[in-house]
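Visitor: Here the protein sequences come in this chain order: A and B. Residue numbers are given in my numbering: position 65 of the first sequence equals residue 67, and the series is strictly consecutive. Residue numbers are given in my numbering: position 162 of the second sequence equals residue 166, and the series is strictly consecutive.
Calculated from the structure, these hints are not laboratory results. Fair warning: this is a prediction, and the values are worked out from it, not measured in the lab. For each residue, glycine too, the CB sits at the ideal point set by N, CA and C.
Label-pair restraints from in silico Cβ distances:
no. : chain 1 : residue 1 : chain 2 : residue 2 : range
1   : A       : Ala-462   : B       : Leu-26    : 35 to 41 Å
2   : A       : Phe-466   : B       : Val-226   : 50 to 56 Å
3   : A       : Ser-364   : B       : Asn-142   : 44 to 50 Å
4   : B       : Ser-23    : A       : Leu-475   : 37 to 43 Å
5   : A       : Arg-464   : B       : Val-226   : 44 to 50 Å
6   : A       : Gly-454   : B       : Gly-49    : 42 to 48 Å
7   : A       : Val-346   : B       : Asn-142   : 45 to 51 Å
8   : A       : Leu-446   : B       : Thr-18    : 41 to 47 Å
9   : A       : Val-415   : B       : Ser-23    : 29 to 35 Å
10  : B       : Thr-18    : A       : Ala-462   : 39 to 45 Å
As a plain string of letters, each chain reads:
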Amino acid sequence: MMEYYIKLKRTVRPVFRDRWVWSMAWRDARHNFSRLFLFAASLIAGITAVVALDSLNQTLQGDIDRNAKELLGADFAVSGDKKFGSELQALFDSTKLPQASEADMASMVLFKRSNESRLIRLVAVTEGFPFYGKIETLPVDAAAKLQGGRYAMLDASLATQFEVSSGDSIRLGNSVFAVAGVVEKIPGGGGVMSTFTPSVYIPLRELDSTGLVQYGSRVTYKRYFKTADDAGTKVLEESLGPVVKQRGYSFDTVQSRKEGLGEGFMSIYRFFSLLGFLALVLGCIGVASSVHIYAGEKREEVAVLRCIGSSGWQAFNIYFIQIFVLGVISSVIGSLLGIGITQVLPLLLKDLIPFEVGFTFSWSPLILGLLLGTLVSFLFSLLPLVAVRFVPPLTVLRAQSGTAQRRSKTQLVALALIGFFPLAFAAWQTRSWLTGTFFFLGLLGALLALTGVAMGLLWAVRRFFPTNAGFVLRHSLSSLFRPNNQTRVLLVTIGLGAFIISTLNVIQESMLSQVEFTGQENQSNTILFDIQREQRDGVIKLMEDHQLKVNQVVPIITCRLREVKGKTIESLTADTTKERSNWALTREYRITYRDTLTRSEELLKGEVQHKKAGKDSVWVTVSEDVAERLDITMGDSLVFDMQGVPMTVYLAGVRKIDWPKDPPNFIFVFPTGVLENAPQIYVTSTRITDRQQAGRFQQQLVQQYPNVSLIDLQLILGTINKLFSDLGLVIRFLALFSILTGLIVLAGAVINSKFVRKKENVLLRTIGARTRQITMITLIEYAWLGLFSALTGMILSLGGGWLLTRFFFEITFAFDWVELLLIGGGVVLLTMVIGWWNSRDVISAPPLQILRGEG
Amino acid sequence: MPNVVLRAENLTKTYRTASTSLTVLDDVSFTVEQGDSLAIIGPSGSGKTTLLGLCAGLDVATSGTISLMDFKLQAMSEDDRAYLRNQYVGFVFQNFQLLSTLTALENVMVPLELRGERNVAPKAKALLDRVGLSKRLNHYPSQLSGGEQQRVAIARAFMTDPKILFADEPTGNLDEENAKHVTSLIFGMNQEQNTTLVLVTHNLELAAMTQRVIKMRGGRMVV
Chain A
3 MMEYYIKLKR TVRPVFRDRW VWSMAWRDAR HNFSRLFLFA ASLIAGITAV
53 VALDSLNQTL QGDIDRNAKE LLGADFAVSG DKKFGSELQA LFDSTKLPQA
103 SEADMASMVL FKRSNESRLI RLVAVTEGFP FYGKIETLPV DAAAKLQGGR
153 YAMLDASLAT QFEVSSGDSI RLGNSVFAVA GVVEKIPGGG GVMSTFTPSV
203 YIPLRELDST GLVQYGSRVT YKRYFKTADD AGTKVLEESL GPVVKQRGYS
253 FDTVQSRKEG LGEGFMSIYR FFSLLGFLAL VLGCIGVASS VHIYAGEKRE
303 EVAVLRCIGS SGWQAFNIYF IQIFVLGVIS SVIGSLLGIG ITQVLPLLLK
353 DLIPFEVGFT FSWSPLILGL LLGTLVSFLF SLLPLVAVRF VPPLTVLRAQ
403 SGTAQRRSKT QLVALALIGF FPLAFAAWQT RSWLTGTFFF LGLLGALLAL
453 TGVAMGLLWA VRRFFPTNAG FVLRHSLSSL FRPNNQTRVL LVTIGLGAFI
503 ISTLNVIQES MLSQVEFTGQ ENQSNTILFD IQREQRDGVI KLMEDHQLKV
553 NQVVPIITCR LREVKGKTIE SLTADTTKER SNWALTREYR ITYRDTLTRS
603 EELLKGEVQH KKAGKDSVWV TVSEDVAERL DITMGDSLVF DMQGVPMTVY
653 LAGVRKIDWP KDPPNFIFVF PTGVLENAPQ IYVTSTRITD RQQAGRFQQQ
703 LVQQYPNVSL IDLQLILGTI NKLFSDLGLV IRFLALFSIL TGLIVLAGAV
753 INSKFVRKKE NVLLRTIGAR TRQITMITLI EYAWLGLFSA LTGMILSLGG
803 GWLLTRFFFE ITFAFDWVEL LLIGGGVVLL TMVIGWWNSR DVISAPPLQI
853 LRGEG
Chain B
5 MPNVVLRAEN LTKTYRTAST SLTVLDDVSF TVEQGDSLAI IGPSGSGKTT
55 LLGLCAGLDV ATSGTISLMD FKLQAMSEDD RAYLRNQYVG FVFQNFQLLS
105 TLTALENVMV PLELRGERNV APKAKALLDR VGLSKRLNHY PSQLSGGEQQ
155 RVAIARAFMT DPKILFADEP TGNLDEENAK HVTSLIFGMN QEQNTTLVLV
205 THNLELAAMT QRVIKMRGGR MVV
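Could you put together the complete structure from these sequences and hints?
Guide: Shown next as structure tokens:
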């Protein structure tokens, strides 16, 4: 007996010194590449998204830093909606710094050659501007030529639209200007705003000759300064800043412009980050689900290894090494792809940002991708792989043997880390624990909602299963519940992609519906403004001559506040203890008078504006937001400066205004019988349906009344549409990552369930099914999957879109069924194609070959 | 006095669910000595495979003790039992249980490689030659017939020079000709290496080739 008594001394080799584990990992992996495709592809998609967006952010931030001075064109700028008074002029002169001036306003331009006209932003500048950067023009000497006579330059988009080139003539107000050239790039210009209102540049000294600046014209005056250095800018900011602010002007420095722009991009970046974050989380879901399937498939092999003496950790290490190494490789591929995509994104964004985005290579996104990918493959494969440790060797004898242990310490730690990871990642990406937590909770909510809807749909299929339907239909529906089919994961991932695209569409439709009243009968689609009193009858006659119905003629009086609740504006702006908006105190107001509310107004508090007999007779109403800014309530007194004449009024009520609806709308509305004799201008509106008619009318209007401007709401609608299609392209591109991950999960699930499908198909063939029938079953199964995913995404997008439009954008919720159905149809089609493509060999392979293959 | 390689004393195995319990093995005791060959026979559900699993340390008995090579299995951890199997035990299964991603040669090499030994290929090749598969070294299981797969499994089982070989229906999935070939290999190599053999089978002819037969019924030993 002693012959066999050997003391059992098991040595535990660390994974790095266990050659057998490494060699087994390699041997086993050689034939598992297709099974690990899902894992690698999920990780690559997620990492690509994160790296692309992080790299884009770095590129944008870098470009903002590099272009900061050019974005303002100067070191310091003062701006306001009134001319600088003599006192301020003297103060500016006392700085003895190089200065340049600018005035800009909305105006009509008439192109002499084509006799066409358009609303533009007229920018009148003096010599010297910009101090930084260069105005790039075609021909190159256009900017230099501008100040040499009655010349004008046009934004490139405007020149292209109206086919204007240097040498042509344009008319601005009463003056005709020769076109010196086309502006390709100008410091401080470009970006989204130039899409809405392209600019025309003229010398400042020629502005008066146009006769455009009249009573009621809204002109923004600017003064640019160039300082010697940052310290000089600081001194200027400290000395001029408080003075100009007190007088109702604002100022801008390179730093504030940079911060403003940075904040703007931070919002975009946060949105992109959210999409990147979603793609990564989807990638994580893909990783976890693929490793789960992989570990499940390896149960028998693990049991064999356990039988011949492998320890649980050794078995675990074999598969962990495979996953980890592939994770590192996938991370490298994902990072490189992400950096590659960063070169494409600026092309998509080029119309939305006011400077050129170059490509800058940075190591940090690459390292980020590597670390993140490695961490994700570690964390999300740990939980499913740990189960391998507990595969009982008895499985070789009885396949149904349960795992020896349900939850190990490793699994609990992995669970905790998996829960913490998305939160930590979101916090890191947003650079804030609070925002990150919101991100995390939002995502959790969205995923839970998606899972809920997906489960609800699957429950409904089971509950209302069409038992009387044909075999093909029933079998394809039943296939959704096949073990390891990943139906729920697929519904969530593909559904999330459909959700993002559909939500975007719902928001776009809601925004467009705000201005789409232009499409309704009897609604105005053209607004004429800045009509002087003496021009009113003439303009109305002109409209009538063109058979245009005059829908309304609204009087406008410009004025400023002098006192609020008995305190002067000067004392109120000097009082820094109260948080009150200087903008609301010092701005120029455009008011009107009438005794009723319009369709876009709703009285929230008090009474409609009215006139009482005797003293304290004028009672006005104000918009909700300005009442809040001025801190005024019913009965409070206000003194307005009506072109030098003070007028005391009292607050009668507060109105809620739906600003985009039925313009023009006003902050302050006076009662009738008070301002009829005050200097005033008029706004009128009409509806023009015929483009040729519109062209003829505009042409005569500009020739006869050059200072009157015309807003074509259809043009604005077109511009909003273009903006959305540009922005939508970027968002769709990024949402594609989500869809892509969903489709990768789908492809992986198809690959992983191949054996089960083969068995089913062999059985079906054995009992007489034809290839056509099997193909139909497969296609219909994927059609169901696509349909339920699309439904999941769209049901949620209607809910999410409603919440966003109601509480974030504060606009009326609207959607287009046809477009949503098209998106849904696209998702279904894509799912069917991917599913069918991956199942081709399963469908067409003969039963005998399958039996051999399985042996 | 012959050496006892396997000793089972009052073995009982009960599976418990939330509401019921099912005893599949009830108070089974026996010993197996070095070089012995033992067959466990009985109808389906009689507890044969359960008994084999317990004896080989693949599962743990609810009560009773098993000594394998004088090691008390119930007192050992799963990883220690795995180590013990690697050192002293060989297996042959009804459904071959080859690693599908490894070639025939690699499948045979695995047990020794697991011990950390190097240059094990010559021995694996010799064993494959012994079972008549010297020309199939680099074939994967899916490229081999059932009989060939079982021969690879036999070669793998003898790779560690086991003291005891457990075989679960080794010919259950084979045709008559292959079954004969496999049977002769198992018994032949068993004799060559003086290995103890415990096999579970329905096949009475196969059982008759062993020195002892244990008959099971309803979880109890009836002979």
